[in-house]
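**Student:** The listed protein sequences correspond, in order, to chains S and Y. For the record, in the first sequence the residue sitting at position 224 is 517 according to our numbering, with numbers rising by one throughout. For the record, in the second sequence the residue sitting at position 135 is 603 according to our numbering, with numbers rising by one throughout.
Derived by calculation from the structure, the hints in this document are not laboratory data. Every residue gets a Cβ at the ideal spot worked out from N, C-alpha and C, and that includes glycine. Incorrect hints may appear among the rest.
[As the list claims (entries may be wrong)] Reference excerpt, derived from the structure (chain Y facing chain S, CB under 8 Å, subset only): (1) L510; (2) E589; (3) M695; (4) A723.
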Amino acid sequence: MSEVALVEHRADPPRVPDAAWTGEPSGNLLRRHLRAAIFHRLCQGATFVGVAFLAVLLVQVVIEGWSFLDLDLLTSLPSRKADKMGIKASVVGTLWVISFTALFSVPIGIAAAVYLEEYARKGRLSTIIQVNISNLAGVPSIVYGILGLVVFVRALQMGHSILAGAFTLSLLILPVIIIASREAIRAVPSSVRLAAFALGATRWQTVRSHVLPAALPGILTGVILAVSRAIGEAAPLIILGVPIYHSMIPSAPTDDFTVLPLQIYEMAKRPQAEFHQVAAAAIVVLLTVLLLMNATAILIRHRWERRVI
Amino acid sequence: MTEPPSLHRSRSIRPVEDGVRVLLLACAVLSVVTTAAIVVVLTTEAASFFQTVSPTEFLFGTRWAPLLEPTSYGVLPLVCGTMLIVAGTAVVALPIGLGSAIYLSEYASARSRSIIKPILEILAGIPTVVYGYFALTFLTPAIRNFVQAEVFNALSASIVVGVMVLPMVASLCDDALRAVPQSLRQGAYALGATRSEVTTRVVVPAALSGILASFILALSRAIGETMAVTLAAGATPNLTVNPLESIQTMTAFIAQVSTGDADEDRIGKTIFAVAALLFTITLTMNLISHRIMKRFREVYE
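If we strip away everything but chain Y, and leave its shape as in the complex, we get:
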């Protein structure tokens, strides 16, 4: 008993305090357990897949046909389909998202900000299956009026995925732009620059790391998107760069196997290999994005 007795160490309170502390810690640690569980599940299940299929065949094979004889497990067509969606998403979401962010942060009045931001939040809150439905029943017929496209195509899917991640780009870029100190803008105005010159040559370059981080995060979200691409982009593993053709993304394949369109025993393991690849790609992109974001915070805080 070397410690002096103090009031809050009296017997009636202390056990509660300790108990609460442990309970709260357990809740916080659950997130670490979740991550560990994801990693363990994906590695063990993917490892048993790689006992029958060599990793080289998986990563560099150009034919994905786990359902057809002769079977073939080259994941590149799925990766290619995913990248096609990512490219389309980038074309839609990045310029429009950045443009919206510039408008919100540099041009809009407080009043229009308070109207536009909730609207963008609603856009972000719409379930992805609704976007998929919209792509399939509205966008695809509209596109097919103008060009020869297949019923399932990467174009309409990537347009809706683009709109889906648009609010995220807009909101993160808006944060980045608003973090640029007002003095930089005033300095540029004092030199006689117009508002667009201030924005494009001073504010945007100063916020570039935050903008880049938001772009990476948005594209990583597009890679993991499932329902819209499953509904609208099709189920044809296809090594193509033509957005008017039917393709299959990594996520759509996993969903296809799970909805029971396939014989589960034989190809059950394949979804873990594909999911492990998906997880690795998105995790890498998220880590890069956080690294960039952290550096950007250090500059202005």
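The shape of chain S in the complex, shown without the other chains:
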């Protein structure tokens, strides 16, 4: 069988003249291999650029902020003097606004994802909602600020309170939570649902007791990443009119506040180098929190992937 194929193949005139093949790589082949090697190194180098940039950035802020990195930074209020400058007010403000943001956005986001994955029939409404969510994910954060300014700050007269900020940030991260939760829910094998249905469970019983627990690690990963995005967000809050310099510690959801990224912005804008150093110290604090959250998310996902697949 194979001999026949071979003979038939030989019957075709060879396209590359055999005479050119001497057993040694010709100039052309060497050139092609050289080009391949260069291309390989170029792509490797491109990957290295991102990694190197991250390294330089981290080292730079740690070096700059080192002299101001102490407990006083965390426990002092903002000041006109760099050596007395603290970030307590903005850290507390961040904690307040992020707690409320998570409180609003996480249940709603997961609920929306559950509806789209488990309840919605393939129809016009679910297509509209889906297209809409992916578009919302691409809307610049500053536009959410405009929305919050008109709706929450002005129409609902919340002022630039913690609640107004939390509502705005919730709308901003909702698409992220929905998209991540949907992926996690979709990854739950349909056999889990079918088994529950077969035992007579209703749809909601199935979702609550089987699908959601199975999807929880994936949902958690998405939620952590979304919330960490909200922690670093400054632009929409600026549009709401949240003050970039604010020295009062908020004690109620209706209080005025500021957040850490806004205080970093305010300090970076000042001309004096000492304030840049305090800003760097504040950035170290902010990045530490975000890196820990990122690491947790990556860890959860890593374990989860291993378990399911």
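Since the structure of chain S is provided, determine the placement of chain Y on it from the hints.
**Tutor:** Frame of chain S, contents of chain Y only:
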């Protein structure tokens, strides 16, 4: 009562089921309400701006000076500033992002993939204000060592915005490249192609629509970026193509007005007109990108 009675319709369970269903639907519909609210807010507020300023003057005027007498509301300098940032971002993020994606998908071992991908994710998770700080206090002084640049300049801002969107380009391109069927690569190898030839002549062309979609999405992200350009690129509406000069982007203008550097009553409306333009541009780009992406999915699934 034409329907036969069935177990799960018993009175104790059914109301809960219906209630839950309505509640979940309400949460899903909230996203549609959000979009509608954005559109309504931007159109009504921008409409009241256009009662005093003609749309032609706004869109084609070459001088943006809402804060100075005589006032002038030509948005082109802001658009030009934004496009300068977009161009710089494209130069930084597109080749490096695609290169990283090619490395991750075609060259890297599973082990280095599992190290590099989280690093890129961390890069994507760094707040934009931190990038702005880095541009202002590190990149700009470094650039000024080599060339005569202003303290605020588009170059350092667009470098950091480029790095900011780099992980997104890399990750989306990586997805697109990995979606190319293995058989295409094997076919090319069988014909004696080197790995770079397989990549550049077979895999990349096959994934081109996904790559293009990621490019558009990344540039749309660059247009909407606020904090880094506000900190590093300046607050000078400037109709220039020189990246070493101070400029102002659309987003930076909105932020400037909101931080109270300006008298709010008089120019309060202008931010809505600029935001409406910003929203229109980014939405159009996102829709184009999704359209391209959808077509690309249809080919390989």
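**Student:** Now tell me, hint by hint, if it's right for this structure.
**Tutor:** Hints versus structure:
no.	hint	result
1	L510	holds, 7 Å
2	E589	holds, 7 Å
3	M695	holds, 5 Å
4	A723	holds, 5 Å
In summary, the structure agrees with every hint in the numbered list given earlier.
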